[in-house]
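Asks: Sequence:
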Amino acid sequence: MKSRVKIRLGDLLLQNGIINEQQLNQALTTQKQSGRRLGYILTELGFIVENQLLAFLSQHLKVPLIDINQYNVSPAIVNLLPEVQARRYRALVIQDKGDKLLVAMSDPADLAAIDVLSGILPKPIDVGVVREAELLQAFDGLYRRTEEIASFAQELAEEYQDDVDFDFDTGVGDDQDTTVARLLQSIFEDALQAKASDIHIEPDDALLRIRMRVDGVLQENVIQEKNIASALVLRLKLMSGLDISEKRLPQDGRTTTRVKGHTIDVRVSTMPIHGGESVVMRLLDQSAGLLSLDQTGMPSSLLTRFRNLLHRPHGMILVTGPTGSGKTTTLYGALSELNQASTKIITVEDPIEYRLPRINQVQTNSKIGLHFSNVLRTTLRQDPDIIMVGEMRDQETVEVGLRGALTGHLVLSTLHTNDAISSAIRLLDMGAPGYLVASSLRAIVAQRLVRKICENCREDYSLKNEELTWLQNLDDSLEKVAFKKGKGCQSCNNTGYKGRVGVFELLEMTENMMNALKNNDTASFTQFAQASPGFIPLAKVALMYAKMGITTVDEVLKLIEMVSEEQTARTDEIHEQEELATVIADQKGDIESSNKTQASNRFELEPKIDPLGDDDGSL
Numbered sequence: 005m006k007s008r009v010k011i012r013l014g015d016l017l018l019q020n021g022i023i024n025e026q027q028l029n030q031a032l033t034t035q036k037q038s039g040r041r042l043g044y045i046l047t048e049l050g051f052i053v054e055n056q057l058l059a060f061l062s063q064h065l066k067v068p069l070i071d072i073n074q075y076n077v078s079p080a081i082v083n084l085l086p087e088v089q090a091r092r093y094r095a096l097v098i099q100d101k102g103d104k105l106l107v108a109m110s111d112p113a114d115l116a117a118i119d120v121l122s123g124i125l126p127k128p129i130d131v132g133v134v135r136e137a138e139l140l141q142a143f144d145g146l147y148r149r150t151e152e153i154a155s156f157a158q159e160l161a162e163e164y165q166d167d168v169d170f171d172f173d174t175g176v177g178d179d180q181d182t183t184v185a186r187l188l189q190s191i192f193e194d195a196l197q198a199k200a201s202d203i204h205i206e207p208d209d210a211l212l213r214i215r216m217r218v219d220g221v222l223q224e225n226v227i228q229e230k231n232i233a234s235a236l237v238l239r240l241k242l243m244s245g246l247d248i249s250e251k252r253l254p255q256d257g258r259t260t261t262r263v264k265g266h267t268i269d270v271r272v273s274t275m276p277i278h279g280g281e282s283v284v285m286r287l288l289d290q291s292a293g294l295l296s297l298d299q300t301g302m303p304s305s306l307l308t309r310f311r312n313l314l315h316r317p318h319g320m321i322l323v324t325g326p327t328g329s330g331k332t333t334t335l336y337g338a339l340s341e342l343n344q345a346s347t348k349i350i351t352v353e354d355p356i357e358y359r360l361p362r363i364n365q366v367q368t369n370s371k372i373g374l375h376f377s378n379v380l381r382t383t384l385r386q387d388p389d390i391i392m393v394g395e396m397r398d399q400e401t402v403e404v405g406l407r408g409a410l411t412g413h414l415v416l417s418t419l420h421t422n423d424a425i426s427s428a429i430r431l432l433d434m435g436a437p438g439y440l441v442a443s444s445l446r447a448i449v450a451q452r453l454v455r456k457i458c459e460n461c462r463e464d465y466s467l468k469n470e471e472l473t474w475l476q477n478l479d480d481s482l483e484k485v486a487f488k489k490g491k492g493c494q495s496c497n498n499t500g501y502k503g504r505v506g507v508f509e510l511l512e513m514t515e516n517m518m519n520a521l522k523n524n525d526t527a528s529f530t531q532f533a534q535a536s537p538g539f540i541p542l543a544k545v546a547l548m549y550a551k552m553g554i555t556t557v558d559e560v561l562k563l564i565e566m567v568s569e570e571q572t573a574r575t576d577e578i579h580e581q582e583e584l585a586t587v588i589a590d591q592k593g594d595i596e597s598s599n600k601t602q603a604s605n606r607f608e609l610e611p612k613i614d615p616l617g618d619d620d621g622s623l
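Note that my numbering has the sequence shown beginning at 5, numbered continuously upward.
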């Protein structure tokens, strides 16, 4: 048998004049210090472009240059190679060619790795070269923990076949190596790889559902071993400091876990349901850090206006939108920008999302009477420059916040409304006096997150007639626009979407709007707001993104439907107010007319007395 000669990438590049000897020696020295692959170091040092390196390897080694996203890779094929070996040797099985397997590698010149892979895989292999960044991304998307989770669930179910009362099984939670702990760790790892924002654990009559919210959409994994649900819930309650004996009432808690070098802050919420207890966990990756305002996706023109508002000395700025629309990200980005040694910032939150240096953050606690309004009053006596209130929840909190803005503080807060215009009206509905809202409110930012089209499978899309009818209400020049959609590929898990982008609208208060608020005239306020210079509604901004090929028409229509419900309710309310005003005016006119008639009749019937004549009592 002919022995295989080991190929050294550095020697190949040097022999072909791609790099010089000095560059090779520098790269080898860096490799000894860092332990990273030579090809990665050469591209990082700028001695060679990655595309040039891949093209050279493909041509010299006579292997194909592979784009993983063009392959419909099945989990069964991928799992022929365990994830540990796949990540170690930077290799991924992407196709079964019948008699051979096609393996994508970032370094196809590594003969030692190829020999190991040949010994592990059940068939002979053909090798192709792929970008390392693309390979690492594919690992996270393809090596999901579905089978591992199912295996741990089955093992846990076998351990507790006799329906053990977990309330008295103190071993669950004490031993970090228990099956339930490994199962939860696997669930967290899967969520991190999928970039999930929430994990839902939902027991049903005959099974257990574990769902993860990825890019705003839930993905479901069904586990047949329903009897393990109580073990999972118990473990999570112990981790987050909840009362394990209380199953009848909802509970909220918090814990921190470490997953693949990432510190994950987990907010836990339990709720009794028909099948047991449902648990929802909100995941916050503390290791990822906060996004700056520049990273939120806010358009540059709107961002400039927003920054100008943030640097005003006083007034209230609201960031609005439904749950999961990115309000907290925007507020924390603003706080990070305002956080200076010369500025005193206090936040009142429930819960505290991220820990920020130099900022005094207060966690409310309703159980001991530490409510938003109570803390906010104390906050005003702490000599702050800027106050951030987690949410305007009730009339008392709203009024204290508005008065704080009126007395020389910059107040930032959130409100759960669908658009900017309805937010100011909501403050009035919550009982805040119109004069106080008009005097304190400076601007409102409304935002949404819409899914982005996957870059790898984008294709043209023609509008349907009903879609064109809907969208022409916003823009009547859509016939020649080339809209896009995602076909679905390996990179986006066949959804056609990958990632999300923020859609924003900014409403700055004008004198006309302030006067309308003072008079509680919501109809006039709405008209002045819609005609305000620089105000572009959310739906129009989303349509602009669709015309640019960033998102799809379907995402725009979803946003229009959501905002339209709020606008319809607001329009109905305005019409009711106008009708009521008309009725009152008519009634007032009728009353005045009736009063005049009665006065005239009284004048004619009363006795006419001549002051100069005799008062004999006659008519």
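Note that these hints are calculated values from the structure, not bench results.
Note that CB positions come from ideal geometry on N, CA and C, so glycine has one too.
Hints are not guaranteed to be accurate.
Unchecked claim - Cβ pair distances, simulated, as ranges: (1) 387 with 50: 46 to 54 Å; (2) 68 with 276: 53 to 61 Å; (3) 137 with 18: 53 to 61 Å; (4) 18 with 315: 28 to 36 Å; (5) 87 with 163: 48 to 56 Å.
What the hints assert, rightly or not - Derived lysine-lysine pairs resembling DSBU-like cross-links, with alpha carbons at most 35 Å apart: (6) 551 with 488; (7) 551 with 562; (8) 104 with 491; (9) 491 with 544; (10) 348 with 522; (11) 544 with 468; (12) 127 with 66; (13) 522 with 199; (14) 522 with 551; (15) 230 with 264; (16) 491 with 101; (17) 66 with 230; (18) 491 with 522; (19) 468 with 502; (20) 371 with 104; (21) 127 with 348; (22) 264 with 104; (23) 562 with 484; (24) 104 with 127; (25) 491 with 468; (26) 264 with 101; (27) 488 with 522; (28) 522 with 502; (29) 127 with 230; (30) 371 with 488.
Asks: Hint by hint, say whether it matches the structure.
Replies: Structure-based check of each hint:
no.: 1; hint: 387 with 50: 46 to 54 Å; verdict: holds, 51 Å
no.: 2; hint: 68 with 276: 53 to 61 Å; verdict: holds, 56 Å
no.: 3; hint: 137 with 18: 53 to 61 Å; verdict: violated, 25 Å
no.: 4; hint: 18 with 315: 28 to 36 Å; verdict: violated, 56 Å
no.: 5; hint: 87 with 163: 48 to 56 Å; verdict: violated, 25 Å
no.: 6; hint: 551 with 488; verdict: holds, 8 Å
no.: 7; hint: 551 with 562; verdict: holds, 16 Å
no.: 8; hint: 104 with 491; verdict: holds, 29 Å
no.: 9; hint: 491 with 544; verdict: holds, 25 Å
no.: 10; hint: 348 with 522; verdict: holds, 31 Å
no.: 11; hint: 544 with 468; verdict: holds, 19 Å
no.: 12; hint: 127 with 66; verdict: holds, 20 Å
no.: 13; hint: 522 with 199; verdict: violated, 46 Å
no.: 14; hint: 522 with 551; verdict: violated, 39 Å
no.: 15; hint: 230 with 264; verdict: holds, 28 Å
no.: 16; hint: 491 with 101; verdict: holds, 25 Å
no.: 17; hint: 66 with 230; verdict: violated, 52 Å
no.: 18; hint: 491 with 522; verdict: violated, 52 Å
no.: 19; hint: 468 with 502; verdict: holds, 24 Å
no.: 20; hint: 371 with 104; verdict: violated, 65 Å
no.: 21; hint: 127 with 348; verdict: violated, 66 Å
no.: 22; hint: 264 with 104; verdict: holds, 33 Å
no.: 23; hint: 562 with 484; verdict: holds, 22 Å
no.: 24; hint: 104 with 127; verdict: holds, 6 Å
no.: 25; hint: 491 with 468; verdict: holds, 17 Å
no.: 26; hint: 264 with 101; verdict: holds, 34 Å
no.: 27; hint: 488 with 522; verdict: violated, 46 Å
no.: 28; hint: 522 with 502; verdict: violated, 45 Å
no.: 29; hint: 127 with 230; verdict: violated, 38 Å
no.: 30; hint: 371 with 488; verdict: violated, 51 Å
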